[in-house]
Amino acid sequence: MELTARQIAGLLRGVVHGDPETRVNTFAKIEEASTGSLSFLANPKYEHYIYNTGASVVLVNAGFVPCRPVQATLVEVENAYSALATLMNHVEACRPCRQGISPMAFIAETAYVEKNAYVGAFAYIGEHSTIEADCKIYPYACIGDHVRIGEGTIVYPHVTVYDNCFVGASCMLHAGAVVGADGFGFAPEGDQYSKIPQTGNVVLEDNVEVGANTTIDRAVMGSTVIRRGVKLDNLIQIGHNVEIGEDTVMAAQTGVAGSVKIGRHCMFGGQVGISGHLRVADNVRIGAQSGILGDVRESGAAMMGSPSLCAKQYLRASVIFRRLPEMHQRLENLYQEIETLKQKMEEKDPCENRGH
Amino acid sequence: MELTARQIAGLLRGVVHGDPETRVNTFAKIEEASTGSLSFLANPKYEHYIYNTGASVVLVNAGFVPCRPVQATLVEVENAYSALATLMNHVEACRPCRQGISPMAFIAETAYVEKNAYVGAFAYIGEHSTIEADCKIYPYACIGDHVRIGEGTIVYPHVTVYDNCFVGASCMLHAGAVVGADGFGFAPEGDQYSKIPQTGNVVLEDNVEVGANTTIDRAVMGSTVIRRGVKLDNLIQIGHNVEIGEDTVMAAQTGVAGSVKIGRHCMFGGQVGISGHLRVADNVRIGAQSGILGDVRESGAAMMGSPSLCAKQYLRASVIFRRLPEMHQRLENLYQEIETLKQKMEEKDPCENRGH
Amino acid sequence: MELTARQIAGLLRGVVHGDPETRVNTFAKIEEASTGSLSFLANPKYEHYIYNTGASVVLVNAGFVPCRPVQATLVEVENAYSALATLMNHVEACRPCRQGISPMAFIAETAYVEKNAYVGAFAYIGEHSTIEADCKIYPYACIGDHVRIGEGTIVYPHVTVYDNCFVGASCMLHAGAVVGADGFGFAPEGDQYSKIPQTGNVVLEDNVEVGANTTIDRAVMGSTVIRRGVKLDNLIQIGHNVEIGEDTVMAAQTGVAGSVKIGRHCMFGGQVGISGHLRVADNVRIGAQSGILGDVRESGAAMMGSPSLCAKQYLRASVIFRRLPEMHQRLENLYQEIETLKQKMEEKDPCENRGH
Numbered sequence: 009m010e011l012t013a014r015q016i017a018g019l020l021r022g023v024v025h026g027d028p029e030t031r032v033n034t035f036a037k038i039e040e041a042s043t044g045s046l047s048f049l050a051n052p053k054y055e056h057y058i059y060n061t062g063a064s065v066v067l068v069n070a071g072f073v074p075c076r077p078v079q080a081t082l083v084e085v086e087n088a089y090s091a092l093a094t095l096m097n098h099v100e101a102c103r104p105c106r107q108g109i110s111p112m113a114f115i116a117e118t119a120y121v122e123k124n125a126y127v128g129a130f131a132y133i134g135e136h137s138t139i140e141a142d143c144k145i146y147p148y149a150c151i152g153d154h155v156r157i158g159e160g161t162i163v164y165p166h167v168t169v170y171d172n173c174f175v176g177a178s179c180m181l182h183a184g185a186v187v188g189a190d191g192f193g194f195a196p197e198g199d200q201y202s203k204i205p206q207t208g209n210v211v212l213e214d215n216v217e218v219g220a221n222t223t224i225d226r227a228v229m230g231s232t233v234i235r236r237g238v239k240l241d242n243l244i245q246i247g248h249n250v251e252i253g254e255d256t257v258m259a260a261q262t263g264v265a266g267s268v269k270i271g272r273h274c275m276f277g278g279q280v281g282i283s284g285h286l287r288v289a290d291n292v293r294i295g296a297q298s299g300i301l302g303d304v305r306e307s308g309a310a311m312m313g314s315p316s317l318c319a320k321q322y323l324r325a326s327v328i329f330r331r332l333p334e335m336h337q338r339l340e341n342l343y344q345e346i347e348t349l350k351q352k353m354e355e356k357d358p359c360e361n362r363g364h
Numbered sequence: 009m010e011l012t013a014r015q016i017a018g019l020l021r022g023v024v025h026g027d028p029e030t031r032v033n034t035f036a037k038i039e040e041a042s043t044g045s046l047s048f049l050a051n052p053k054y055e056h057y058i059y060n061t062g063a064s065v066v067l068v069n070a071g072f073v074p075c076r077p078v079q080a081t082l083v084e085v086e087n088a089y090s091a092l093a094t095l096m097n098h099v100e101a102c103r104p105c106r107q108g109i110s111p112m113a114f115i116a117e118t119a120y121v122e123k124n125a126y127v128g129a130f131a132y133i134g135e136h137s138t139i140e141a142d143c144k145i146y147p148y149a150c151i152g153d154h155v156r157i158g159e160g161t162i163v164y165p166h167v168t169v170y171d172n173c174f175v176g177a178s179c180m181l182h183a184g185a186v187v188g189a190d191g192f193g194f195a196p197e198g199d200q201y202s203k204i205p206q207t208g209n210v211v212l213e214d215n216v217e218v219g220a221n222t223t224i225d226r227a228v229m230g231s232t233v234i235r236r237g238v239k240l241d242n243l244i245q246i247g248h249n250v251e252i253g254e255d256t257v258m259a260a261q262t263g264v265a266g267s268v269k270i271g272r273h274c275m276f277g278g279q280v281g282i283s284g285h286l287r288v289a290d291n292v293r294i295g296a297q298s299g300i301l302g303d304v305r306e307s308g309a310a311m312m313g314s315p316s317l318c319a320k321q322y323l324r325a326s327v328i329f330r331r332l333p334e335m336h337q338r339l340e341n342l343y344q345e346i347e348t349l350k351q352k353m354e355e356k357d358p359c360e361n362r363g364h
Numbered sequence: 009m010e011l012t013a014r015q016i017a018g019l020l021r022g023v024v025h026g027d028p029e030t031r032v033n034t035f036a037k038i039e040e041a042s043t044g045s046l047s048f049l050a051n052p053k054y055e056h057y058i059y060n061t062g063a064s065v066v067l068v069n070a071g072f073v074p075c076r077p078v079q080a081t082l083v084e085v086e087n088a089y090s091a092l093a094t095l096m097n098h099v100e101a102c103r104p105c106r107q108g109i110s111p112m113a114f115i116a117e118t119a120y121v122e123k124n125a126y127v128g129a130f131a132y133i134g135e136h137s138t139i140e141a142d143c144k145i146y147p148y149a150c151i152g153d154h155v156r157i158g159e160g161t162i163v164y165p166h167v168t169v170y171d172n173c174f175v176g177a178s179c180m181l182h183a184g185a186v187v188g189a190d191g192f193g194f195a196p197e198g199d200q201y202s203k204i205p206q207t208g209n210v211v212l213e214d215n216v217e218v219g220a221n222t223t224i225d226r227a228v229m230g231s232t233v234i235r236r237g238v239k240l241d242n243l244i245q246i247g248h249n250v251e252i253g254e255d256t257v258m259a260a261q262t263g264v265a266g267s268v269k270i271g272r273h274c275m276f277g278g279q280v281g282i283s284g285h286l287r288v289a290d291n292v293r294i295g296a297q298s299g300i301l302g303d304v305r306e307s308g309a310a311m312m313g314s315p316s317l318c319a320k321q322y323l324r325a326s327v328i329f330r331r332l333p334e335m336h337q338r339l340e341n342l343y344q345e346i347e348t349l350k351q352k353m354e355e356k357d358p359c360e361n362r363g364h
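Protein chains in written order, with our numbering: chain A, 9 to 364; chain C, 9 to 364; chain S, 9 to 364.
These are calculated hints, taken from the structure and not from any lab test. Heads up, a few of these hints could be off.
Which copy is meant is left open, because identical chains are indistinguishable; a pair holds if it fits in one copy or across any two.
[Unchecked claim] Distance condition first, Cα-Cα at most 27 Å in a straight line; then the derived DSSO-like pairs of lysine-lysine:
#, residue 1, residue 2
1, Lys350, Lys37
2, Lys53, Lys37
3, Lys269, Lys203
4, Lys320, Lys123
5, Lys37, Lys203
6, Lys320, Lys352
Model the full structure from these sequences, guided by the hints.
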C-alpha cells in the first residue's frame, strides 16, 4: 500500500484539504497513528485527537470544519467510516496476488486444479479432488481424496480437509483448521470402548469462514453441514452431524456437541457450550461462557449463564448471587427476630391468662 | 462402498425382501436418506419413516412386518442396529488402504520404518525413530527424534510428536494433535520468569485416540501418561505430568492442569477444567463446563458446576439459583411482615398494661 | 544425558557421598525414580522417600544427614532445588543442537536467513523475510512474507506466522501456534455479513512463549502486541488489537476478545474469558474459568467467577450457593412461622377485646 491524498480522494470521491501529495502506507487509529498513516474521524467524540494526531492523512465527514489548525492532510468524504472500509477493501484487493502452482506441491494424478488457482510449495491435493478457479491453496494445506474446493476459496497453511468433504465457493479456512476429522463416537463394550466408524463427511456451503485451529468433525453418516455465510472464530469445536444455519456467527472457543441443529442468523459469544442433540431456533443470541442444556425454541431468544437461562432472568439472578452472603445474613437475622417475637408472645401469654 | 442388497444380506446373514440387486453406496439416517443410501430401522418409534424413506435398502429387525407398502428393499437381520455397526466396520475396513512410502517423505537415516507402513508425501520421521508395522503416517505428520509409533497406529496430517515420546499400538492421532510440547513451567526471577526445562516425555499406551488439535504436554521430568483405551476428543489440553487411567473418555475442549492423576473409566463432559495436582478416582463422571478445584476421592462420583459440587447438590442449588430474585423478594417481604408484627405487638403492649 | 555423580558434583560444587562413578541418564521425582535416574530431596517432608528410592543419585541440601542407610549416591549441594534447575538447564543446553539449512526447505529468493540458523526439511520462509542468528525453524514452520524472526527464537513444527508479523528474540512458538490470522471482524449487511479486512499485524516482543495450537489474531489496523516476557500456554485465543503487558502469564484455553488491553505481570488461570475492549490493570490475578465482563482497574486485584467478582466476594457467595436449597427451605420455614405468629396474634386480639 502506497497512496497519496490525491489518489485517496479520487477513489473515494472526496476533497483534499492540505497537500494532495501527502503519502500514506498503512492504516492506523487516530490516537495511535504515526507519520505515513491514514486515519479517520467519524465520531465527533474523538475530534480532539485530530489536533495532534501523527497521521499523515485523515478521512473526515463532509462538512467537518476543524476549530483549530490541523497538521494532517484531510480528505473530506461523505461518510468517513464507510469510506475507510471501501479503502481497506481496495487496498486488500490490490495486494500482490499469490499465483501459480508450485512444483514443490504434491498434486495427485487424478486431481484437477484450475489453471489460475494458486497452489503453494508443500501443498497436497489428494486423489480425485478438484480445486476450482481462483482458489488459493497455501503451503501445507492438506486436501484429502475426493474433496471439492469451490471457486475463490482460500485455504491457509496447515489446514486439513479430510477425504470426501466439500467446501463451497468464497470460503476462507484459516491456518490449522481441521475439517472432517472423525466424530467422537464410541460404543461401550464391557469396560472398554469400540470405535463407531465415522462414514459421513463435512459440507461447508459458500461464504463460510473457519477460524484458526477450529475443528469440524465429519458425520457418523450423512453430513455435518455449515450453511452459507456462517462465520466461525478460532478454536471452535463442531461435533459430528451438527447443522448450523445461514449467517450464524460464533466467537472463539465455543463448542457444539454432536447432532445439534442451530438456526439462521444466531450470534454466539465465546466459550459457549451446547450439549448434544439440541435444537436452537433462528436469531438466537447466546452470551459468552453460557452452557446450553436444553432446546432453545423461541426465535430471537437471548440466553446467558451455565446452565443457561433467558438473559433477563440470568442477569437478575446473577445480581442477587453476589449478594448471597448478605442475604444469608439477613435470613439468619430474621430467624433471631422471630425467635425473639415468639418468646415475647409466650411471655405475654401467661399475663393474658392472668388477665382473664 | 458399493454393495447390493444381496451382498449385504450375505455379510449379515440376513434375508432380502425386494430386489436383491438394489445398490447402495452410502449410509444415511432413515429420515434423511436418498436413493443409493443404506439405512436402518431399529427403534419401532421410527417405523413411520420407512414408508416414505428415500433409502434404497433398509436393515430391519427380524420379524418386522410392514403394515403398508414399502418402496425400499428390506434386509431382515437379527438386530438391525448391531448389523449396521458390523456393516460400517466392514466398509471402513474395505476402504482403499493407503500404502507405500512416499519418495517425497523425509526419513532420517537412523530411522526405522516397517516395510508395510504407509508414509505419505511430506511426512517427516526423525533420527532413531521407529515406525512399526501397519502404521499410517499421513502427509505433514511430524515424528521427532527417538520416537516409537506402535503397530497399526494412524497419525493424521499435521500431527506433531516431539522428540522422545512413545505412542502405543492401534492408536489414532487426529490432525493437528500435538504430543510432547513443553509443559507450562516457569520460576519467578524478580518480576520476570525463567523457563524450567521440560526434560520428560509423553507416553500414550495402546488404543488411545487423540482428537484434532488436542495438546498433550511433556513432563517436566518422567512422563505424562495416557493409559490404554483413553479417548480424548478435539481441542483438549493435558498438562505436564498428568496421568489418565485406562478407558477414560473426555469430551472436547476440556483442560487438565499439570500433575493431575485421573482414574480409570471416567467420563468428562466438554469444557471441563481441572486444577493442578488433583486426584480423581475411578469411574467418576464430570458434567460439561465443570471446574474441579479439589480431589474427587469417591469412586463413581458424579460432579457438576464451577466450582464443582456433587451433581445432585449442584442441580438442587442450580434450580434455586434461577429463583434467587423471587427468593430475595420473599426475604424482603418477610422483613416487612416482621416489622409489622413487631409494631403490632408494641401497640398491644400498652393496651395490655392498661388491661392489668 | 549421561553423567556421573562426580561430574554432577563438579558442575554444582557439591560433595559426593557414595560411589562417584554412579551414572544417571534421566531426571525423576524421588518417589517415581528407577535405576539411572537423578533425583532430589529439597523438602524435608519427603525425606522418607530417600530410604527406598530407586534413584541412582539424589541431590540433597547441605547438612542433610540420613537417619538410616541410603542406597543412592548422594550429592550434597547448597540448595538441592536450585541445583536441580541448574543441572536441568545444563543438560538442556548440551542437547545436540539442530543445525544447518535443509535442502528440502523452501526459502524464497528474497528471504534472508543467518548462516548459523537451523531450517528443517519442509520449512517455508516467504519473500522478504528475515531469520536472525541462532534461530531454529523446525519442519513445517510456515513463515510468511515480510516477517522477521528475532535472534535465538525457536519456531516448532506446524507454526504459522502470517505475512508482515514480527517475532522478537529468544521467543519460543510451540507446534501448531498461529500468529497473525485474520481477526474476527464483520460488518452486518442486511441479514448477511461482509468481512472487514484485517490490515494490521502481530508483534511479539522478546522472550515471549506461545503454547501449542494457541492463536493470536492480526489487528484490524495497527498491531496486536504481546510484550516482552509474556508466557501463553496452549490453546489460547488472543483477539485482534489486543495488547498484553510485560511478564503476564496465561494458562491454557483462555480467550481474550478483541481490543482488550492487559497490564504487566498479571496471572490468568485456565479457561478464562475476557470480553472485548476491556482494560485490565497490572498485577491482576484471575481465577480459572472466570468471565471478565468489565474493566479491572485496581492494580493487584484478584478476580474469580463468571461473571467475575473480587475473589473474596466470589468465594463467600460461592460457599452460600451450595447451601441455597437449605437456605430456601429456611426461608419457607420462616414464612410458616410468621403465618403461625400472625394467626396467634389474631386469635389473641379477640380475647384482648373481650378482656377490655
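With identical chains treated as interchangeable, where does the CA-CA distance between Lys350 and Lys37 reach 27 Å or less: within a copy, between copies, both, or neither? neither (69 Å within a copy, 64 Å between copies)
Go through the copies and call it for Lys269 and Lys203: within, between, both or neither, with a Cα cutoff of 27 Å. Classified as both; 24 Å inside a copy, 25 Å across copies.
With identical chains, the pair Lys37 and Lys203 could be close in the same copy or across copies; at 27 Å between alpha carbons, which is it: within, between, both, or neither? Close across copies (19 Å), not inside one copy (52 Å); limit 27 Å.
At 27 Å max between alpha carbons, let me know whether Lys320 reaches Lys123 within a copy, between copies, both or neither. neither (55 Å within a copy, 62 Å between copies)
Up to 27 Å between alpha-carbons, please classify Lys320 paired with Lys352: within, between, both or neither. neither (43 Å within a copy, 39 Å between copies)
My question is about Lys53 and Lys37: at a cut-off of 27 Å on alpha-carbon distance, are they close within one copy, between copies, both, or neither? Within one copy, since 14 Å is at most 27 Å while 57 Å is not.
Of the hints listed earlier, those the structure fails to meet are numbers 1, 4 and 6, in rising order.
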